[in-house]
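Chemist: With chain H held as given, fit chain W with the ligand onto it using these hints.
Chain by chain, the residues run as shown.
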Amino acid sequence: MTPAAAPLTCAEAEPLLPLVADGALSPADDPALFDHLATCPGCQESLAHHDLISLALAQPRPAAPQPRVIRHRWWLALPVAAAAGLVLNLLLAPSGTAPSQPPMAAISPPAPAQADPIIIERDVAAVPGGMPGKRLILVRRGDQVVLVDPAAPVDSPRQDATPASLRY
Amino acid sequence: MSAILDLPWIPSPRMTEALPVATPALQDPVTSLLEREAEPLRRVIGRYVRHEHAVDEIFQEVSLKVLRRIDTVRDPLAVRGWLFQLARNAALDWLRSQDRRPASPSETLDTHRAAGDLGRNPVEHLMTTERVEAIRRALDDLPASQREVIRLRIDEGLDHEAIALRLGISRQAVEVRLCRGRAALKDRLDAILSGDL
Ligand SMILES: [Zn+2]
Chain H
1 MTPAAAPLTC AEAEPLLPLV ADGALSPADD PALFDHLATC PGCQESLAHH DLISLALAQP
61 RPAAPQPRVI RHRWWLALPV AAAAGLVLNL LLAPSGTAPS QPPMAAISPP APAQADPIII
121 ERDVAAVPGG MPGKRLILVR RGDQVVLVDP AAPVDSPRQD ATPASLRY
Chain W
1 MSAILDLPWI PSPRMTEALP VATPALQDPV TSLLEREAEP LRRVIGRYVR HEHAVDEIFQ
61 EVSLKVLRRI DTVRDPLAVR GWLFQLARNA ALDWLRSQDR RPASPSETLD THRAAGDLGR
121 NPVEHLMTTE RVEAIRRALD DLPASQREVI RLRIDEGLDH EAIALRLGIS RQAVEVRLCR
181 GRAALKDRLD AILSGDL
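Chains as they are written, first to last, in the numbering used here: chain H, 1 to 168; chain W, 1 to 197.
No lab work stands behind these hints, which were simulated from the structure alone. Keep in mind that the hints are not guaranteed to be accurate.
Selected chain W positions facing chain H (in silico; Cβ < 8 Å) [what the hints assert, rightly or not]:
| no. | residue |
| --- | --- |
| 1 | A78 |
| 2 | L92 |
| 3 | V123 |
| 4 | R147 |
| 5 | I154 |
| 6 | L158 |
| 7 | H160 |
| 8 | E175 |
| 9 | V176 |
Some chain H residues flagged as far from chain W (calculated, every beta-carbon gap over 10 Å) [claimed, not checked]:
| no. | residue |
| --- | --- |
| 10 | T9 |
| 11 | C10 |
| 12 | D22 |
| 13 | P27 |
In silico contact screen, one side only, chain H against chain W (beta carbon under 7 Å); selected entries [as the list claims (entries may be wrong)]:
| no. | residue |
| --- | --- |
| 14 | P31 |
| 15 | L37 |
| 16 | Q44 |
Yeah, the Cβ is synthetic: ideal placement off N, Cα and C, and Gly gets one too.
Excised from the complex, chain H in its bound form (with noise of 0.2 Å):
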């Protein structure tokens, strides 16, 4: 019988944890540590703290956090798309709509209750886009405002804008 191992004080103890944690240390390698921890209330505590540790960094990350967005209601969007409208004008005109109706007619909601948030950010606005569940995206560039449609292909003028921080 190997003969009783010393007793273990906490300042001796607790170096030790977190290889205890990390699973590297058992109670065959160190007999005297865990006969410690077994009674030791303080260590025990510290150890779940180590565990709770290795518990949150084995957690899959969440994807990377969104860039925080302002929203306001969409009438808040009528300057950013007034200023657009020699742009909006000539991009839905070709689509069939009334060169002769304001251009904000053309993306407005139908009914403004039931009008979803349009989210601007910076020089970026999210507008609907007449169908429902489409959306627009406006992007502002200096002096150029710019009608992206985000269901278009890549190489559409969406590239230009910061994607990153679009959202809709």
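Modeler: Showing chain W with the ligand alone in chain H's frame:
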């Protein structure tokens, strides 16, 4: 009094499966050991899990393992430490087997109250989304050499020898980095907990 009737794991069908030829000579030392150590072991388990029913379930698991493996413990003086490790491992296994989505603080507080077990502060209760995030940030703040060994250990499951081979350093160097890194994470966690993030 009958130790057998007082132990919650005795009526379990799994128990009878585990011990089809159980004899009093085999059972008595183990049941008396379990009876003697039941409360300390349940306290160890209670450091990890929140609900009493989970503590019961895990204690039952530990009891079965004790019955099956007690013969592997050569040194009677090592039994207490061995029991501690069985209980801790069983609690950690149970936590890993659960949906490990960290709870929000309000959620843990509510369920904690509902369980009527205020006063305990088990790992399960401490594991909120905010704290998991804070621990991740603390890992990101570690020196690269320490972060690297912790990542290889946890993300890739490499043991210390394998990490040493991968990095071309000694096993001792791996353990020094790992201990320093983990101690720093623990310090950060303790600061967070004392501020009750
Ligand atoms: Zn201690």
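Chemist: Take the hints in turn and mark each one as holding or not.
Modeler: So, going through the hints one by one against the coordinates:
{"no.": "1", "hint": "A78", "in the structure": "holds, 4 Å"}
{"no.": "2", "hint": "L92", "in the structure": "holds, 6 Å"}
{"no.": "3", "hint": "V123", "in the structure": "holds, 5 Å"}
{"no.": "4", "hint": "R147", "in the structure": "violated, 10 Å"}
{"no.": "5", "hint": "I154", "in the structure": "holds, 5 Å"}
{"no.": "6", "hint": "L158", "in the structure": "violated, 11 Å"}
{"no.": "7", "hint": "H160", "in the structure": "holds, 6 Å"}
{"no.": "8", "hint": "E175", "in the structure": "holds, 7 Å"}
{"no.": "9", "hint": "V176", "in the structure": "violated, 10 Å"}
{"no.": "10", "hint": "T9", "in the structure": "holds, 16 Å"}
{"no.": "11", "hint": "C10", "in the structure": "holds, 14 Å"}
{"no.": "12", "hint": "D22", "in the structure": "violated, 6 Å"}
{"no.": "13", "hint": "P27", "in the structure": "violated, 4 Å"}
{"no.": "14", "hint": "P31", "in the structure": "holds, 4 Å"}
{"no.": "15", "hint": "L37", "in the structure": "holds, 5 Å"}
{"no.": "16", "hint": "Q44", "in the structure": "holds, 6 Å"}
Consistency with the previously given hints fails for numbers 4, 6, 9, 12 and 13, ordered from lowest to highest.
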